[in-house]
Amino acid sequence: MTTTSRPPEVLRAPLVVEFPFTRSLGPVQSAFLTGLRERTVLGVRTTDGKVLVPPVEYDPATADEIRDLVEVAATGTVTTWAWNPRPRPGQPLDTPFAWVLVQLDGADTALLHALDAPGPDAVRTGLRVRVRWAARREGAITDIACFEPDDTAPGARRPAPHAGAFDDPVTGIVAPARLDYTYSPGAAQSRYINALAERRTVGERCPSCRKVYVPPRGACPTCGIATDEQVEVGPAGTVTTYCIVNIKAKNLDVEVPYVYAHIALDGAGLALHGRIAGIPYDQVRMGLRVEPVWTDSPTGGRFPDHYRPTGEPDAEYDTYKELI
Amino acid sequence: MRPPIRDIAVVAFGQTDHRRTSDEQSEVEMLMPVLHEVLDATGLKTADIGFTCSGSSDYLAGRAFSFTMALDGVGAWPPICESHVETDGAWALYEAWTKLLTGEADTALVYAYGKSSPGSVRDVLTRQLDPYYVAPLWPDSVALAALQARALIDAGDTDEPALARIAVRSRRAAAGNPHAQLRGPDVPVGDYVVNPLRTGDCPPIGDGAAAVILAAGDRARELCERPAWIRGIDHRAEAHSLGVRDLTDSPSARLAAENAGAFERPVDTAELHAPFTAQEVVLRKALRIGDGVCVNPSGGPLAANPIMAAGLIRVGEAAARIHRGDSRRALAHATSGPCLQQNLVAVLEGEDR
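Chains L and E, in that order, are what the protein sequence lines are.
Read left to right, the first sequence gives residues 1 to 324 (our numbering).
Read left to right, the second sequence gives residues 1 to 353 (our numbering).
Treat the hints as calculated values from the structure; they're not laboratory data.
Hints may contain errors.
[Said to hold, decoys possible] Simulated crosslink set (SDA-like; lysine to any residue; CA at most 25 angstroms straight-line):
{"#": "1", "chain 1": "E", "residue 1": "K45", "chain 2": "L", "residue 2": "R205"}
{"#": "2", "chain 1": "L", "residue 1": "K211", "chain 2": "L", "residue 2": "P221"}
{"#": "3", "chain 1": "L", "residue 1": "K250", "chain 2": "L", "residue 2": "R178"}
{"#": "4", "chain 1": "L", "residue 1": "K211", "chain 2": "E", "residue 2": "A155"}
{"#": "5", "chain 1": "E", "residue 1": "K45", "chain 2": "L", "residue 2": "C209"}
{"#": "6", "chain 1": "L", "residue 1": "K50", "chain 2": "L", "residue 2": "L127"}
{"#": "7", "chain 1": "L", "residue 1": "K321", "chain 2": "E", "residue 2": "H36"}
{"#": "8", "chain 1": "L", "residue 1": "K250", "chain 2": "L", "residue 2": "V16"}
{"#": "9", "chain 1": "L", "residue 1": "K211", "chain 2": "E", "residue 2": "C81"}
{"#": "10", "chain 1": "E", "residue 1": "K45", "chain 2": "L", "residue 2": "R210"}
{"#": "11", "chain 1": "L", "residue 1": "K50", "chain 2": "E", "residue 2": "H36"}
{"#": "12", "chain 1": "E", "residue 1": "K45", "chain 2": "E", "residue 2": "P78"}
{"#": "13", "chain 1": "L", "residue 1": "K321", "chain 2": "L", "residue 2": "P207"}
{"#": "14", "chain 1": "L", "residue 1": "K211", "chain 2": "E", "residue 2": "F263"}
{"#": "15", "chain 1": "L", "residue 1": "K321", "chain 2": "L", "residue 2": "K250"}
{"#": "16", "chain 1": "L", "residue 1": "K211", "chain 2": "E", "residue 2": "P131"}
{"#": "17", "chain 1": "L", "residue 1": "K50", "chain 2": "E", "residue 2": "T68"}
{"#": "18", "chain 1": "L", "residue 1": "K321", "chain 2": "L", "residue 2": "D266"}
{"#": "19", "chain 1": "L", "residue 1": "K321", "chain 2": "E", "residue 2": "A76"}
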């Protein structure tokens, strides 16, 4: 069956990308973050005598390896600021605050953090501030809960040498990250998904090379042009190749071993993949004719649950050899 | 500066209309018409292209390996010679330029695309920051730009009315750019997003794509009436920690410009990738842009800022002005990262025949 294209409804689904990065620390980062846990702010001295806070392991100007740790004060001066009227998820404070770069007393560079202040009128470059320590500290930049205004005079403290040695040093951090998206599959894939909801498999034909792509992705990767002619394929197809899965995937309600196969649906120019059932796993073979089995399960309604043998004779190799 | 060992020019440029959302299209569906536009403009087919290079980031739309699916729009089978950078397409153009310099290819297709609409781009961009000391605080892109703006105001380099004038000038210029997302004289200065930056100081968030074709020597002259010759191109980076930088200056942009030969003769046009108004102040200083230079006649990124494509668009817009005969020598700048972290400068020239 061939139909002309029409604008599909825009499909949308929430998509969460979440990844807890586990990162190891070098000697300088480890000392700095462990120090924060112990309410101690460490910097590192560069070859030309500047004190970098937060400290890094290589001099940003010379690339020298730098390991000469010093302790600086927990008080400092704002070097620039920006008032954030609407805090966003994950930021240090959930009430309006100022982003600040703070040059701590004894440091030559500035640290980015949040400043808890009543409003933008209370903040200025040159403002004196001090660290507000988090009640629970674990060796992370968030051990500084934020900065708060302070009335001590600047430069009261010179950096003191520090061995950077602490009991039970922090050697790594786990940095959780979560990003929320609204996923939309685009025109071709929306047409495909909408047809699947009607238990039809609809591919798209390249107007140039005439190949029918199932599932379609909107473009013919050979010709680089849009596939916009819909072609219903199947429902039956031929197993072109397969594998036997012996390891159970997490949360998968399917007993192993089972067969996962490439299936060229009748009329399709390439194979899609699906699970084969309704036949002992060790009897699946190339050329086996199969058909989709749809279920009404809430999670499986949009695509075939699996494919099962049709009972037809096996397809001749020559009929599918170009689709392997 | 020594001239490049091979004459390489931008011979075609195309871009989508940039929009707040393109949710009815996949990335390849958004990109493909632009690819066809530049191929049609030159009469080239995919098979004629010696090298293909793209720039994009999967984090924007949250779609893993989206660049491989975008390649479907090129017609990448049988396999073509191609590469991808996970940054703005201006850096893909740089890679393509070096490929053409080697003589291994005479033509290159460069494209870039970004869909910011599926996610929250201010938060997404925090993931590019130092993962130990900065990213755990989730400082969003506007907040970091606002710290830079405040530093400039404190230094006396600008003030809020001057920033507002940059915004107004950009969107007025964009009135003549049918691809721009935010254009015309009536774009309000708005409320503070992160003080001192107001909505008017920030780029629109949107989706879009762009493509460029490069060609070398006589091939460029065959393909284009008035090629935009790349006389020099270079890119440099600042130290990654914001607190060690002087946010009121951009030594990396200046060095890139010097290495690209930008200071050897004046330019008449500059397309600057300054997504936030205050960053134009930094770039004008670092790149020594005089008052007589036409800055961002396209409207620049304040009018359309499809992330990952906006830098390539600067090169394309500068080249297109040369193609049309509106410019003889133009500077194109692209940036990536917070507060002008990385900077690329290209110098393009037309030649009189």
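Cross-check of the supplied hints:
A threshold of 25 angstroms between alpha carbons decides the hint, and for K45(E) with R205(L) the separation of about 20 angstroms falls inside it, so the pair holds. Distance check on the hinted pair: K211(L) and P221(L) sit about 10 angstroms apart at the alpha-carbon level, within 25 angstroms; holds. Proposed proximity of K250(L) and R178(L) is supported: the alpha carbons are some 21 angstroms apart, at most 25 angstroms. Using a Cα cut-off of 25 angstroms, the hinted pair K211(L) and A155(E) is violated, with the two alpha carbons roughly 63 angstroms apart.
Using a Cα cut-off of 25 angstroms, the hinted pair K45(E) and C209(L) holds, with the two alpha carbons roughly 15 angstroms apart. Pair hint K50(L) plus L127(L) holds up; C-alpha atoms about 22 angstroms apart against a cutoff of 25 angstroms. For the hint pairing K321(L) with H36(E), the CA-to-CA distance comes to about 33 angstroms; that exceeds 25 angstroms, so the pair is violated. A hinted pair counts as satisfied when its Cα atoms are at most 25 angstroms apart, and K250(L) with V16(L) qualifies at roughly 18 angstroms.
A C-alpha spacing of about 23 angstroms is found between K211(L) and C81(E), which places the hinted pair at or below 25 angstroms, so the restraint holds. Of the supplied pair hints, the one linking K45(E) and R210(L) holds, its CA atoms being roughly 19 angstroms apart against a limit of 25 angstroms. With a CA separation close to 54 angstroms, the supplied pair K50(L) and H36(E) exceeds the 25 angstroms bound. Pair hint K45(E) plus P78(E) holds up; C-alpha atoms about 13 angstroms apart against a cutoff of 25 angstroms.
For the given pair, K321(L) sits about 23 angstroms from P207(L) by alpha-carbon distance, which is consistent with the 25 angstroms threshold. A distance of roughly 54 angstroms separates the Cα atoms of K211(L) and F263(E); the hinted pair therefore is violated under the 25 angstroms criterion. Simply put, K321(L) and K250(L) have alpha-carbon atoms about 34 angstroms apart, too far for the 25 angstroms limit, and the pair is violated. Simply put, K211(L) and P131(E) have alpha-carbon atoms about 46 angstroms apart, too far for the 25 angstroms limit, and the pair is violated.
For a cut-off of 25 angstroms, the pair hint linking K50(L) to T68(E) is broken: about 46 angstroms separates their Cα positions. A distance of roughly 14 angstroms separates the Cα atoms of K321(L) and D266(L); the hinted pair therefore holds under the 25 angstroms criterion. Taking the CA atoms of K321(L) and A76(E), the gap is near 22 angstroms; set against the 25 angstroms cutoff, the hint holds.
Comparing the model with each earlier hint shows violations of hints 4, 7, 11, 14, 15, 16 and 17; every other hint is respected.
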